[in-house]
Amino acid sequence: DAGITQSPRYKITETGRQVTLMCHQTWSHSYMFWYRQDLGHGLRLIYYSAAADITDKGEVPDGYVVSRSKTENFPLTLESATRSQTSVYFCASVGRRNEKLFFGSGTQLSVL
Amino acid sequence: AQTVTQSQPEMSVQEAETVTLSCTYDTSESDYYLFWYKQPPSRQMILVIRQEAYKQQNATENRFSVNFQKAAKSFSLKISDSQLGDAAMYFCAYRSPETGANSKLTFGKGITLSVRP
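Taken in sequence, the protein lines are chains X and R. With the working numbering applied, the first sequence corresponds to residues 1277 to 1388, in that order. With the working numbering applied, the second sequence corresponds to residues 161 to 277, in that order.
Keep in mind that the hints were calculated from the coordinates and are not lab data. Please read these numbers as outputs of a predicted model, since none were measured by experiment. Glycine is no exception: its CB is placed at the ideal position from the N, C-alpha and C atoms. Please note that a few of the clues may not be correct.
[What the hints assert, rightly or not] Listed below are the simulated DSS-like cross-link pairs for lysine-lysine, each with C-alpha atoms no more than 30 Å apart in a straight line: (1) K1333(X) <-> K233(R); (2) K215(R) <-> K233(R); (3) K1376(X) <-> K230(R); (4) K269(R) <-> K1376(X); (5) K269(R) <-> K1333(X); (6) K233(R) <-> K1376(X); (7) K233(R) <-> K269(R).
[Unchecked claim] Sample of chain R residues at the chain X side, in silico, Cβ under 8 Å: (8) Q204; (9) M205; (10) F228; (11) G268.
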């Protein structure tokens, strides 16, 4: 589903740097989510948003910040990257009455 | 909180054979949705099949079917006539019946399926 895009697809950074992962959807879905995928853990929810300017923590929010000034964008920021944040990050969205989550193609982040 | 358990980290199947991937979950809700997602090496998350808990009939999508046992809280995926393209990681996921923010999925840890030619 090309309606939700993530960038960059790959990112390498160093410990302590700030990194922002972008997510953009074209459906005007109200609800958006950030997951991280780690071997042995599956996908875990970091943050989610119910609408512009409304965000809430998920299962593993520490070290991450999100914002949602516009409905279509939901960036995820690592304020001071750590090696433990090396992971694959997925953005997803769902419409108010839609049962299916749409996923972006993921961002593979390596923190050295 | 709901939990989803996939106890087998890896499985292997011979091409054209049938394989079953196991999943159990824990919830206090009576109505909910269950999903199987496929993740090939491209990383794309592909919805394979969905089951509504209030439906007694097991969902089927071509070669993919589920065995949904509500009382046992079990939701296994059966892949018939396995093909090389079925090789991927498979995730079982749970979602409460509420819409919106509660549409967030709770995932199992995943199982890596390999298909032998």
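Fill in: Structure versus earlier hints, numbers of those that do not hold, lowest first
Result: hint 10 breaks, nothing else.
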